[in-house]
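Q: The primary structure of each chain is shown beneath.
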Amino acid sequence: MTEVTVPGSAGGSATTFSMFWATLRRDLLLAIRNRAEMVNPLVFFLIAITMIPLGVSPETKTLAAIAPGLIWVMALLATLLSLDGLFRSDFEDGSLEQMLISPQPLYFTVLAKVMVHWLVTGLPLTLMSPLLGVMLALPSGGYGPLCITLLLGTASMSLIGAVGAALTVALRKGGLLLSLIVMPLYVPVLIFGASAVHNAVLGSVINSQIAVLGAFLALAIVLAPLAAAGALRVSSDG
Amino acid sequence: MTESPLTLPEAFSPPSTPLLELRQVSCERDERQLFTRLNLSAYPGDVIQIVGPNGSGKTTLLRALAGINKDYTGEVLWQGHPVSSVAWEYAHDLLYLGHLPGIKKALSPLENLRWYAAVSGAESRSTIYAALEQVGLYGYEETPCYQLSAGQLRRVALARLYLGRARLWILDEPFTAIDKRGAAELETLFARHAEQGGVILLTSHQDLALASLKHLNLLDYQPGCPEGRPQDREGGQGDD
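These protein sequence lines are chains B and Z, in that order.
Going by numbering that gives the first Met the number 0, the first sequence opens with residue 0, and the numbers climb by one from there.
Going by numbering that gives the first Met the number 0, the second sequence opens with residue 0, and the numbers climb by one from there.
Bound-form chain Z, shown alone:
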């Protein structure tokens, strides 16, 4: 069971080392196995949608990969090295957007993003304005966030995708509260990021229309599941 369930099509020969690799990752929570022996190789340009019913461990997996939750067994490799040994490089190349947007309501979008820019590696002020314009918050830069709608708050958080140069994006339900047009713009952004050699891991209950999209179904790694099954999946739509 050493082979990755997400092998790429033969036509495209992948670089020798995947950007992010998971080997036999298992996670237990409150004495319940969420998933076991999860294998995954993400090469530059991959957009991987993690699917599974509620409570199947999608968020737990993403939090584990972001390094917030260290309660898992198995190996996570970044460019071939265990993440613990390249923690600084990994943190620099990682952008994690969780369920909670991490937006302070008493601050304006500009102030919120300025802090994020500093925490994740400095960016100039003009880029923050540009990022806010990209997510459709032009004119709201100085408005306190408690005056914004839920969707607009989410957009403030999403503006971080336009800042920084992280190669690995870990996004937990990025489409929550985002309108149709916003979702389409996000997809375009994802496609561009993948094209530039980035990797995106995301959870969403929405169907995405990205060319480079792959699926990872956590149900395949539930403890009761026969071990051989993940072998059959060649990432792609229409599974199950």
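Here chain B stands alone, though its shape is the one from the complex:
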């Protein structure tokens, strides 16, 4: 007869870390294997921005005036578009249950998943934004601030969106509800992000807006995974 040893006597932090990495790796692999899904919000972003000069006016002056706001709004919508699937497949195939009952804190699992979400949507959106800036004749002073604000802003939006995605994961048609929950929380990010780019174009200092966006992100990193973890427990409680 083999002795049954009591597991879990080893330190918890190392295993939490390896769980975080394992989830990060797994989700990245999944994102790469399901490329079509990953590319969807990016294509939306690109197409929507391409349509603007055709629909509004090809005049440089008009476009330059609305460019910061437009790029920001489209980035927000593209993020929103990709949120629904954040926990959906895990919920549907049962891996979410396994995350819930894991001895590792759910906070880090959620954080890993959100990080991957940002890596495959927010980061490419940010990298694409200068190109779209050119298409919308964004004045030269706006490119740096656009990238910095989008980098901070999309990360906050992924985190905040995770809470909404977690709340609506058990609903069969949660898409609309998700938008309604998340939209109001995106408003401050949008306001500060777009106004920072706007002010930069006008030549004023934008340190304060960037600081506020950074503060948003810091707050979201701490609180959003907690809220999302709680919401996931509620959602699967039935």
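These are computed hints drawn from the structure, not numbers from a lab.
Predicted, not measured: the structure shown is a model, and the values here were computed from it.
Just so you know, not all the hints are guaranteed correct.
[Unchecked claim] Sample of chain Z residues at the chain B side, in silico, Cβ under 7 Å:
#: 1; residue: N68
#: 2; residue: G101
#: 3; residue: W114
#: 4; residue: V118
#: 5; residue: A176
[Claimed, not checked] Think about it this way: if two alpha-carbon atoms lie no more than 30 Å apart in a straight line, the pair counts; the simulated DSBU-like pairs of lysine-lysine are:
#: 6; chain 1: B; residue 1: K172; chain 2: Z; residue 2: K69
#: 7; chain 1: Z; residue 1: K104; chain 2: B; residue 2: K172
#: 8; chain 1: Z; residue 1: K104; chain 2: Z; residue 2: K179
Where a beta carbon is used, it is the ideal one built from N, C-alpha and C, also for glycine.
We have chain B already, so just place chain Z on it with the hints.
A: Chain Z alone, transformed into the frame defined by chain B:
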């Protein structure tokens, strides 16, 4: 009604505290009582098959015990302590396999299991290979799961039983889509786990031929049922 309905035979004196104990557990779903005042003591070496017709709450009970569904009243004790107070230890000693296998079809069996190993406490890579070989998936380690059959997918999930060292196994219909030989191998594995002091709670419509098998019939705990009845059951086959 404090006595457990699953008392062990007198010949074998059980350790003082059961590994898992349920006291007066009731569960309601959509305003319908699924079962009430359920008592159960599971000692090391017990394999408990939960039986009952469809919709009698088998899965709900297992999900409640796994800690996914907290919508129940009553006490669940792990080694004598309420599970909420020893949540971390309990989670470490628990292996839950639900209806949904939790397998990502875009990933290979190896990648799937590597994630599980990390989530439930790390195991080395070689053990994952060994586990996959045990469930008859040798040569399929790197095949994407969407190319596998339903039975093979189930086997990927079952390979988790060979990983880790959880003492409590909660298995919801582990035999689904598994062929006869696979089922026999599973039973052998169950017997070994019980022998090593583990506890298995499972639902299955299949008759198991395990020596240490006990039955828990959820029909006995339905609201309309007279309270005294569960007393008569001395876990064993051939009830009803």
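Q: All hints are to be evaluated individually against the structure, with a verdict given for each.
A: Hint check:
1. N68: Z/N68 check passes; min Cβ-Cβ to chain B is 6 Å, inside 7 Å.
2. G101: Holds: closest Cβ of chain B sits about 4 Å from Z/G101, inside 7 Å.
3. W114: holds (5 Å)
4. V118: Z/V118 check passes; min Cβ-Cβ to chain B is 5 Å, inside 7 Å.
5. A176: Status violated, d = 15 Å.
6. B/K172 / Z/K69: Given that 30 Å is the threshold and the Cα spacing comes to 24 Å, the pair holds.
7. Z/K104 / B/K172: At roughly 23 Å apart (the allowed maximum being 30 Å), B/K172 and Z/K104 satisfy the hint.
8. Z/K104 / Z/K179: Roughly 25 Å between the alpha carbons, so the hint for Z/K104 and Z/K179 holds.
Consistency note: the structure conflicts with earlier hint 5 alone.
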